Amino acid sequence: MTLPEFFGCTLIAFGTPFSLFVFTIANDSMRIIILIAAAFFWLLSLLLSSLLWFAIVPLRDVLAFGVVFSVLFQECFRYIIYRILRSTEHALHAVAEDTRITENKHILAYVSGLGFGIISGLFALVNVLADMTGPGTMGLRGGSEMFFVTSAVQVLSIILLHTFWSVIFFNAFDTNNYLHIFYVVGTHLFVSLLTLLNADELYWASLLPNYIVTILTAVLAFKVAGGTSKSFKRFVMCR
Amino acid sequence: MAQQIKAAAIWLLLMFQSTASVIGERTRDKMYEPILGASCFRRLNGTHQTGCSSTFSGSVGVLHLINIDADLEFLLTSPPSPPYAPMIPPHLFTRANLLRLKEAGPKIISVVLLINRSKIEQFSHELNCPNQYSGLKLNNSTETATCDAKKVTNTWNRWGTGLLHEDFPFPIYYIADPEEIDKLEKCFIKFNDFDYESHALRSLCAVEIKSFMSAAVNSEVCMRRTNFINNLGGSKYCDPLEGRNVYATLYPRSPTENVDINTDEKFIIVSCRLDTTSMFDGLGLGAMDSLQSLAILTQVAHMLHILLPSQNTLTDPKRNVLFVAFNGESYDYIGSQRFVYDMENLAFPTRSTRTTPISFDNIEFMLDIGTLDDIGNIKLHTLTSTLLAKQLLQQLNRYAKSSRYGFNVNFESNVGYHIPPTSAQSFLRRDEKFPALILNALPNNRFYHSIYDDVDNVAFIYANTSQDYTKLADVNDMKNISVNSLQMKVRNVSSIVAMALYETLTGKQYQGNQVANPLLADEFFYCFLLSSDCPLFKASSYLNSPPGVPLPPMRYISVLGGSQESSGWTYRLFGYLLSHQEPSVPKENCTQLPLYYFAGLNDTGECRRTTQNYTHALSPAFLIEDYDWRSGQYSTWTESTWSQFSARIFLRPSNVHEITILSIGIVVFIISFCLIYIISSRWEVLFEDLPASNAALPMPTAC
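Sequence lines, in order, name chains A and B.
Quick note: the first sequence uses full-length UniProt numbering, first residue 1, plus one each step.
Quick note: the second sequence uses full-length UniProt numbering, first residue 1, plus one each step.
Watch out, some of these pointers could steer you wrong.
[Unchecked claim] Label pairs and their calculated CB-CB ranges:
{"hint": "1", "chain 1": "A", "residue 1": "V219", "chain 2": "B", "residue 2": "R28", "range": "24 to 30 Å"}
{"hint": "2", "chain 1": "A", "residue 1": "F190", "chain 2": "B", "residue 2": "R28", "range": "29 to 35 Å"}
{"hint": "3", "chain 1": "A", "residue 1": "T88", "chain 2": "B", "residue 2": "E684", "range": "24 to 30 Å"}
[Said to hold, decoys possible] Every beta carbon over 12 Å from chain A, so not counted as near; a handful from chain B, in silico:
{"hint": "4", "residue": "F360"}
{"hint": "5", "residue": "V455"}
{"hint": "6", "residue": "V475"}
{"hint": "7", "residue": "M478"}
{"hint": "8", "residue": "L675"}
[Unchecked claim] Which stretches of chain B does chain A cover? Using the computed rule of at least three CB atoms under 8 Å from a CB of chain A, they are:
{"hint": "9", "stretch": "27-34"}
{"hint": "10", "stretch": "199-208"}
{"hint": "11", "stretch": "638-651"}
What the hints contain is simulated information worked out from the structure, not anything from laboratory work.
Remember, predicted model here, so these are calculated numbers, not experimental data.
Glycine included, C-beta positions come from ideal geometry on N, C-alpha and C.
Next comes chain A alone, as it looks inside the complex (with noise of 0.2 Å):
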């Protein structure tokens, strides 16, 4: 019955990864194996935060206090997977058929930003996906319709801003930039604590703060890539 909405939501969230998948990440392999990798260091953080959560029965009820700490373990495993690509570069250029990799050290950050951004995202959402294939939707006990695709742009919004987190981030550590770090730590907890609000149904709250977040994100993640407007421009015009 809700086929179409399952599908709707899918692709809303999932169909901008793909795309980036597809052009920048397929064609090569060594950058394939950097996404996994990167994904299994986000489920590390993962594994930490929910045995943190189990371990401290009293504040289990109490989201703020996850969400602040799952942060935490995340940012920290972005540095430990930030350390071992830095420290494993020279080997990655020996081996790289494409030498890009090494060349322009912020393919590296956005490929493991993008595997971090692409897990999350999919842990997020499958569990609401399955249960949308059936023929109801939301809101018979409490709940909006709206529920799914908020939560498939609310992930969109997640999966992106941990690319673009992950180019700056990588960035600053390389030039001592710790205002960005700080940028990128504040933000995402800023985020997390934004989706607190969803629980009454303020989707507009949150998502509207979200996205204007993301676009900041990505604007200064432009700009630590090497992007400026003037060649934002250039691209524009077509030049």
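Since the structure of chain A is provided, determine the placement of chain B on it from the hints.
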């Protein structure tokens, strides 16, 4: 607010993956609400399929509460967002309405819910002529000669709607629990019951029923498919209706290895029907339509058992009485047809009982107890006027009208083909000269074969006296049970029949003051109508056996491996009430039938010599090779198999909503696909400065 916090919990757990499985709540739990009820299911006979089935994946319909006919009219003429699931109260669950819904088809009406709300006058889903296409027939006619369906007022069930024999393209679900009905109604009022023009544009409260039936067309097709040699999966599509008849003899028969018929032996058969049926799975007590006659049969047997002296002091010491409760009689006389078939083939009783077979030559006459809706006015039906019938009627009336007993029952004779649909028809069909006498009252049961033929329909009130019900009562002893109660009526009829049979067997008039015990009827009805966990069932079970479930036993014949509760309890009851105590046999030696160790009245345990047994109630149609399914000779009823019955309510999104989301998804996907293609093909333009990561070395400081 608590709900919203929960919603927050789920949402965030999903967002941040903090092991949602530990809490075990899913989005689905917030979307669906299960509904408890009983489903209608599919039965098939040689030519048709009847009942209902959902679609394979479940039928979904938008809830709509029907209060008056106009509501139904609205759904059928201008449904704003079909398919719908009308919730129909019993008084609108009529043949005319149901046929209109059927005609509208599953595109408009996909589910029908019967909600138990209003008080009703009549509700019978059986045909006007029960077992219309079997029983006694004339000149190769397909319909029985004993009932004329065209003259409805003169039929055996004139309130019958025949819905039990209709095939519906949608599932029908019966919801009895007021809480469940409340859930449905609230959902309907909250989401559906306003602004009908915009139904197509918004989410509506809908119900999904899963009751897919695997059998189709008719018994012939589905039995062929089930037995098909290539059916490697071994899946069954349908099972024949199958159960057990219960019988018991008044006097024990002597065990012998002899397989020849002993023509000296004479039997009087006293019989009734054991089963009932209804449209919905697991419901239907058949209180008036068949349980009363079973109660009377039990009481007659019990009274004769106590009154009669030993067999060799009778006028004819070779005489015996055979009490039989036939199973599956609601479905073209399955039990009695098989009984007759077995008798013809000298297969009754079975070899394992080590007794000589009984043939038709051994039968002196048959007294069949039909439905006794009006217990005060009973007719003695016979096909032709016989001396036997006159004699019996005279005897019955003598006791019925005797001032000594004050039974106040009237017996009349009725000769001719207008015979009630009872087991005797199977015997008469084989041979019209068969001496069958049928006791039957004028049909007065407005709930024949329906879910409402229950305690209230027979106005039964449990007296719960905890007194000895195994002895006969004095005729003037009325202190426990009121005179007009069901128990008393059953006592009266049972006593009269037992006295008449007593006179037939002994040749002497009954002079005693002892009559059937109304307390036995009291306990009997309590067990069969209210709870199997009851004193009578407990007494007739093995000592210290676990108590029955606190629900009345299912009395539908069912299939092989189905619940055979009612035949099992009747078997033990006959065993207990028709047996002689053997005080000299210790418990250790009381293990082999006919000896059986009963719990007894006070749970003390007693060894008794029993006479009861089962015979198989499976239609001969399933035994005869290459049986012609359309011949109408034997019952061909089968029941479809199914995997589950379930119902749940939820919000069904509107088409507009679905299409919008799908379009947004597609648009987002296409735009991002193109955009990213352009960016990736010209990314050098975008990022002019290409710093090699090598340049960034040496290592940064720790975080």
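Status of the hints after comparison with the structure:
no.: 1; hint: A/V219 with B/R28: 24 to 30 Å; in the structure: violated, 39 Å
no.: 2; hint: A/F190 with B/R28: 29 to 35 Å; in the structure: holds, 31 Å
no.: 3; hint: A/T88 with B/E684: 24 to 30 Å; in the structure: holds, 26 Å
no.: 4; hint: F360; in the structure: holds, 59 Å
no.: 5; hint: V455; in the structure: holds, 36 Å
no.: 6; hint: V475; in the structure: holds, 63 Å
no.: 7; hint: M478; in the structure: holds, 57 Å
no.: 8; hint: L675; in the structure: violated, 8 Å
no.: 9; hint: 27-34; in the structure: holds (count 6)
no.: 10; hint: 199-208; in the structure: holds (count 4)
no.: 11; hint: 638-651; in the structure: holds (count 3)
Comparing the model with each numbered hint stated earlier shows that hints 1 and 8 do not hold.
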